[in-house]
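Engineer: Numbered continuously in UniProt numbering, the sequence shown closes out at residue 1192.
Incorrect hints may have been included.
No more than 25 Å apart at the CA atoms, straight line, and that leaves these computed lysine to any residue pairs for SDA-like [claimed, not checked]:
{"#": "1", "residue 1": "K919", "residue 2": "I930"}
{"#": "2", "residue 1": "K1176", "residue 2": "A1117"}
{"#": "3", "residue 1": "K1055", "residue 2": "G955"}
{"#": "4", "residue 1": "K1052", "residue 2": "K1138"}
{"#": "5", "residue 1": "K942", "residue 2": "N53"}
{"#": "6", "residue 1": "K656", "residue 2": "H564"}
{"#": "7", "residue 1": "K1065", "residue 2": "E690"}
{"#": "8", "residue 1": "K1138", "residue 2": "G1187"}
{"#": "9", "residue 1": "K536", "residue 2": "P628"}
{"#": "10", "residue 1": "K559", "residue 2": "L467"}
{"#": "11", "residue 1": "K687", "residue 2": "A669"}
{"#": "12", "residue 1": "K912", "residue 2": "G937"}
{"#": "13", "residue 1": "K912", "residue 2": "T802"}
{"#": "14", "residue 1": "K536", "residue 2": "R634"}
{"#": "15", "residue 1": "K442", "residue 2": "R430"}
{"#": "16", "residue 1": "K1052", "residue 2": "P763"}
{"#": "17", "residue 1": "K1124", "residue 2": "N1171"}
{"#": "18", "residue 1": "K880", "residue 2": "P833"}
{"#": "19", "residue 1": "K824", "residue 2": "T802"}
{"#": "20", "residue 1": "K1111", "residue 2": "E1005"}
{"#": "21", "residue 1": "K559", "residue 2": "R570"}
{"#": "22", "residue 1": "K1111", "residue 2": "C25"}
{"#": "23", "residue 1": "K985", "residue 2": "V948"}
{"#": "24", "residue 1": "K559", "residue 2": "L574"}
{"#": "25", "residue 1": "K688", "residue 2": "E546"}
{"#": "26", "residue 1": "K656", "residue 2": "R1071"}
{"#": "27", "residue 1": "K1055", "residue 2": "H1181"}
{"#": "28", "residue 1": "K1052", "residue 2": "S1108"}
{"#": "29", "residue 1": "K878", "residue 2": "E852"}
{"#": "30", "residue 1": "K1055", "residue 2": "A1121"}
{"#": "31", "residue 1": "K1065", "residue 2": "G1002"}
{"#": "32", "residue 1": "K985", "residue 2": "I926"}
{"#": "33", "residue 1": "K1169", "residue 2": "R1048"}
{"#": "34", "residue 1": "K174", "residue 2": "A453"}
{"#": "35", "residue 1": "K829", "residue 2": "G846"}
{"#": "36", "residue 1": "K442", "residue 2": "D432"}
{"#": "37", "residue 1": "K518", "residue 2": "E690"}
{"#": "38", "residue 1": "K1065", "residue 2": "K878"}
The hints are simulated quantities; they were obtained by calculation from the structure and are not laboratory data.
As the structure is a prediction and not an experimental result, all values here were calculated from the model.
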Amino acid sequence: MEHSLKCNVLKCRQEITDRALVTTCSHIFCIDCAGRSGLAGQSERRSSCPACNSNLGNPDDAVIAILSPSEEYKTSVLSGLSPNIIMECAGRALSFWAYQTTQEMWVDAGVRAFLHLLTIASVYQKYLEKTLTDKYKALDMHLDKTVNEANAEIESIQGQLRDLALQNDSMRRKYDELGQAFKDKSRKLLQTQELYDRVKRKAEMGQMQAAACDAVDSHLQMNVFSDTCEKGSPRQGLYEQQADFSQFHKSRGSDRTEMPPPQNRGASQLVANDELWARQNTLSGIDTQKAPMITPVRQRTRNTANIGLSAIPGLVAGSPVPLNGPTRMQEFTIREQSAVAGNRESGVGDPSINAAHLHHPTSSSATPVPRGSVFDEADPPSNLQECRIPGETMDQSLNSLAGEVESLKQRLAEVMRLREREREQERCHRRDEQIQKERLHKEQLDHEREINAQRLIEMAQLHDEALLQASRDHADNLAEAVSQVTRKLEMERQALHAEDLLSVEAYPTSVMATSPLKVAILIVSTTASKNPASDKSELVLRDVIESEGGGQWEVVETKIVSDHVPQIQRQIMLWADLGADAVNLIVTTGGTGFAVTDHTPEAVGALLHRQAPGIVHGMLATSLAVTPFAMMSRPVAGVRHSTVIVTLPGSPKGAKENLQAILRTLPHACLQAAGVDSRALHSGGVKKLEADAGISAGQSASSQTHGIDHSHTHGHGHSYDHNHGHSHNHGHGGLVRHTGNQQVVSNDPSLGPTRRYRESPYPMLAVEDALGIIEQHTPEADIVSRKVDADLINAVLAEDVTANENVPAFRASIVDGYAVIVPKDGNMKGVYPVTAVSHAAPSEIGTLKEGEIARITTGAPLPPGATSVIMVEDTLLKTKTDDGKEEKEVEILADGVKPGENIREVGSDIKKLDTILRKGEQISGIGGEIGLLAAVGVASIKTYRRPVVGVLSTGDEIVEHDREGELRLGEVRDTNRVTLLAAAKERGFEAIDLGIARDRPGALEETLREALRKVDLLVTTGGVSMGELDLLKPTIERSLGGTIHFGRVDMKPGKPTTFATVPVKTNAGERVSKPVFALPGNPASALVTFNLFVLPALHKLAGVEPRSLSKVPVVLAHDFALDKGRPEYHRAVVTVGKDGILHASSTGGQRSSRVGSLRSANALLCLPKGNGPLKKGTQVHALLMGGVQAEI
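Full structure from sequences and hints, please.
Structural biologist: Okay, structure coming up:
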């Protein structure tokens, strides 16, 4: 045998050479293990595989095979079988060998890895046992001491804060009390002011009324007596008498200066003056006989009406007239007698009238004048016997007097209105002043509260700064302690053996290399701190870190602070001063310019323990290559404790360019800052560091870098020739070295054709290694839920499927006949009445009784109580119903009937919860899996989602294959796209036609981005060779941030086949990696590499097993030439000969651009490289791309 088989029992693993037990699940066991596991037993054989627990219910699922058969057995074992069966057997046997070989490889690799890990673990455990105990004890003691000191300081500060809080509460209460007292006093002051205004208004009103009344009295007296006074001396006596009368009033205490202002003055005072004149004459002893007669007004009603005296209040006879004020009233009543009236009518004075006719109203003998009688008023003449007042003169005086009184009233009302308006304005002014005072008081209180709040904030800041300083001191102490411990460990490591030292030093480096480095992003922007949605830098930086960081970084936190030095420093210290929990890298963006508010360099520079000017130079050089204004940036970089800090510009574009320039070198800086041993990091030299970082020695971060390349070689031959070659290369660009060892990186299209690689920088991989890389980087299949219907063909199950119900779900008849109840003796001979009929349709059936039978059809449910079914062939019809349409009685001829005959019991085919399909099985259209799912009531199942594949052609020379007209010079019809689309659909995958992309970097990048949003796997053709317009690899690597896993394969055709993965964000915001296959542009190469590399990736995405093409041995039908440099995958036609052997014939010339070599090809022959041809009849392996036909 070419290869040896080993028992699949892990505890056994002995080599099998003679006989073994093989299973249909591709496992093999030695005879001893098969016997112990129960597979080789004769009585009770085990029904599951010991290795994978697969169901082995059929007898042929596990058989004992002879591994070293005789020649006769080889000849006879497959003889007589059809070629298709033979090929199927051969294919399954090859699958068994492929599975066993793969398992052996995994087991061997696992054992080696396990032993290696045990060795490393043993060395590391010894080291830990020696050093960690003392280290932890010292750290615990120091930590306890530091924690106790910090707690004591914190308690002290908290006590001070509580005291300050109590003082603040006391001050606030005091301010509240003072404010309340001020409000009360203000309210009382306002009430007092209002009371004072009210009293003052009353006093002013009284004064105004007194002044008005005096003015009216003076004016009336002047008008009434004006005519009399003009006649001279006779009026003097009257004035003297009036003076006497005034003196009389004074003697009686009626001084009008002591009385309040009179009310109800005006024309009524005329009557009072007239009465006063009469009374004065009476009291002074004047002879009333000589007094002139008083003429009643009724004799001059016409004249009185003309002057409107009847409208003047107080002139009605008999009404009391106030005299000198309301407190002292003198009322006089004029008694009119009928005789006097007659005399008056005749115009002659009546001498009988005397002083008694005019007397005080309190006199009992006084007869009041009837109400409504009005008398004339006139100035008393100086000589009562001679003077008589003319009526017309009196009327004119009264009219003038009434007009003046009305005018005075109006003036008085106007004065009162003006005064009231002034008082209202004064009240408004006082109210405004009061409101202003209250507002000022409130503002003062608010200002005091703000001052108090500011004091509290300042105290809180002082407290925070004190705590921060304590934390910083604590962190510094811890860092010093860790530094001391580290120095001690270093001294102990130097004392160890050299081999143990290298093992120990390599361990932490490998550990840190496997875990991602922690990154924190700090956005310094006053605008973004107020509106975080305005920030655009975070997403850009995250995208650069995730897409170009090589999976070495993890963004753990992002913060936004205003451009304020304390806030910037506080956040950086919170990230960097955490000891072991500190982040490895802090990236800030913003605040690095010359604006007055840009403080980031000052804030960060004060925190750095060590400066990093090289990182700053790299960023500035990169930016200066873009714009001279990059010199306006003031970046800083350095290390604080174990954290690297870098400041980037605030512009998203500038931040991206600066971070891209330094990102690949930062892991090395972070590892060194974290304390990893430098000797272990630099053990491979600078070349290894550059390779690990993904950069080359000639690659520069800036176009301003001055690169110098010196090479000096000496060659000595047999003829003693001495050759010296010395070259200098000076340039001001990112130089690319084209000779010697090259970094695995694509061409930079911006450098032009003179700077491109002259040979591919990608290493040549074997086909098996390339397939392993594809298997490693292709994502796992997604699981979806699908409905059970006809569209389920080619789906692969993602989980086991169990039956939801029994099949059959009821007791059913297997034959057409009669359901009966079998007696104990089994004798059913006799005639029985037919009482029911059961068809294969849903219906209700009554219970069958003993001695009765029911006619039943195949598949129909048995009536309740029935125990067996008699075939219709074992019966005779005895009688019919009256209408002759139904059976009435039937004779049964069977004897020895047993219960359960001709009946399918419930679940006899499939029981509920039985596993009907296994995970990984593929649903076919001819295998009956869909019918099985439908039979057990399964409506939906979990399957692997079929991936969507997109096919894109690239190149300016490519035109549509169906374009009409002749081709122009240089044009090529697109045959690859339609061919690959057909190949993908033939395998059952959904394929999307993405068209043709032109050879322009921007257009190609946009086309690829759009394509990756639509598909799960992208296939491109063309653009992967060494031409200056082969832009696919640079676009994937430089523009899309993808990773090229291999760019060359050791095979023919298809050498420049490229496989890459590109990070893409889904609609849900999740970043996933999508595979991209860049196939050669030649048609034959594209189809060969699609079947060889793309198809396994599609199978993995769909969950299909096996993933690669089936490999079978074939016999060459003719000689085949071999390629000297590379293994070849020859397009061939494989058929089954009459002898049952697979024969392979070439499709013709195998040039990669020859389209005709694809015609009728159903296999790829795996031909090794070599000089001579392979002769006819040689056996080689073939990868089957399609079905195999038999020769006619």
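Engineer: May I ask which of the numbered hints given earlier this structure violates, with the numbers listed in increasing order?
Structural biologist: Numbers 4, 7, 19, 20, 38 - these are the hints that the structure violates, sorted from lowest upward.
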